[in-house]
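Enquirer: Sequence:
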Amino acid sequence: MSSPRALNTLTKFSERERVYLTADSWYIHRPGALKVSPTVFDQLWEKRALFEQQFFRIFGKRVPIPRRQGLFAATSLTCRFSGMATQSLPLAEHPFLEELMATHGKAHNAVFVNWYENNKQHIGAHADDERDIVQDVGILSVTLGHARIFRVRARKTRSVVMDVTLADGDVFFMGGEFQKEFLHEVPKRAFTVGDGRRIDFTLRRMRGASDASRDGDTLSRSGGDSPKATENAAIAEGAKRKRECVDSEDDDLSEHGDRGRPTGIREWVDASGDAP
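Residues in the sequence shown are numbered from 1 upward in steps of one, following UniProt numbering.
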């Protein structure tokens, strides 16, 4: 496969772009900040096959997590998602991953990826508050493919604070105390327009393996694919390992409309010049 052209560099975030939810928590939403060609999207979609389908247990029954998820990193990492150990793969698996990381390499060193096949696949309310994530760097999310609702809830009350539609090429940054004060999710939708495929890339800064080993840090995601008991069991099991990442789901069903296709999209095309 020929190497794609370099990703258009995203300009630095400015304080003027921040939308404050509280005095300490804010986000930045850039609609259509970047775009990939259909060819590159399909290539990235096929990368989901590099990671096994993961399961959680509910009442003794193995239930598949309603999406495919994986980790790409600059250095080798071993994490646990819903009680299953997952080894990170190198960013070199696709030039887009390398370019995306190069754009924000000074701040982030790992990319967590969720692949959603349709609007029924989802992720429940959670916070990216793993102790092995450097929180003051913030979490950067990039959406490719089908538009979905990104729902934010107050962490203490779990009441809905806002719904934002994240469409193809949208960039969403969560800064400040966002992960401490809020939960976020991508709920189910009743209907699908188009094929419904969506890829979400979340860039984060993870502490080195030596730090985790020395400090006894573990990775754990708040929220749930399963009931609290299942989450606690997974955490207890994972504590025996050096690094752990537990993810869980809420089975929330909601229906929202899409907004129009964003304008001002920057193109990221492959060497043949394919473009949307």
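Careful, some of the hints might be misleading.
In the EDC-like style, the derived pairs of lysine to aspartate or glutamate whose C-alpha atoms are separated by at most 20 Å in a straight line are [what the hints assert, rightly or not]:
id, residue 1, residue 2
1, Lys47, Glu17
2, Lys180, Glu46
3, Lys35, Glu46
4, Lys120, Asp24
Taking CB as the label site, the calculated pair distances span [claimed, not checked]:
id, residue 1, residue 2, range
5, Ser14, Met162, 20 to 30 Å
6, Pro38, Phe191, 30 to 40 Å
7, Val63, Gly32, 19 to 29 Å
8, Gly194, Val63, 25 to 35 Å
Keep in mind the hints are simulated off the structure, nothing from the lab. Given the structure is predicted, the values throughout are model-derived calculations rather than measurements. Just so you know, even glycine gets a beta-carbon here, dropped at the ideal spot from N, CA and C.
Enquirer: Now look at each hint and say whether the structure bears it out.
Expert: Consistency of the hints with the structure:
no., hint, result
1, Lys47 to Glu17, "violated (33 Å)"
2, Lys180 to Glu46, "violated (34 Å)"
3, Lys35 to Glu46, "holds (18 Å)"
4, Lys120 to Asp24, "violated (33 Å)"
5, Ser14 to Met162: 20 to 30 Å, "holds (21 Å)"
6, Pro38 to Phe191: 30 to 40 Å, "violated (23 Å)"
7, Val63 to Gly32: 19 to 29 Å, "violated (36 Å)"
8, Gly194 to Val63: 25 to 35 Å, "holds (27 Å)"
Against the hints set out earlier in the document, violations occur for numbers 1, 2, 4, 6 and 7.
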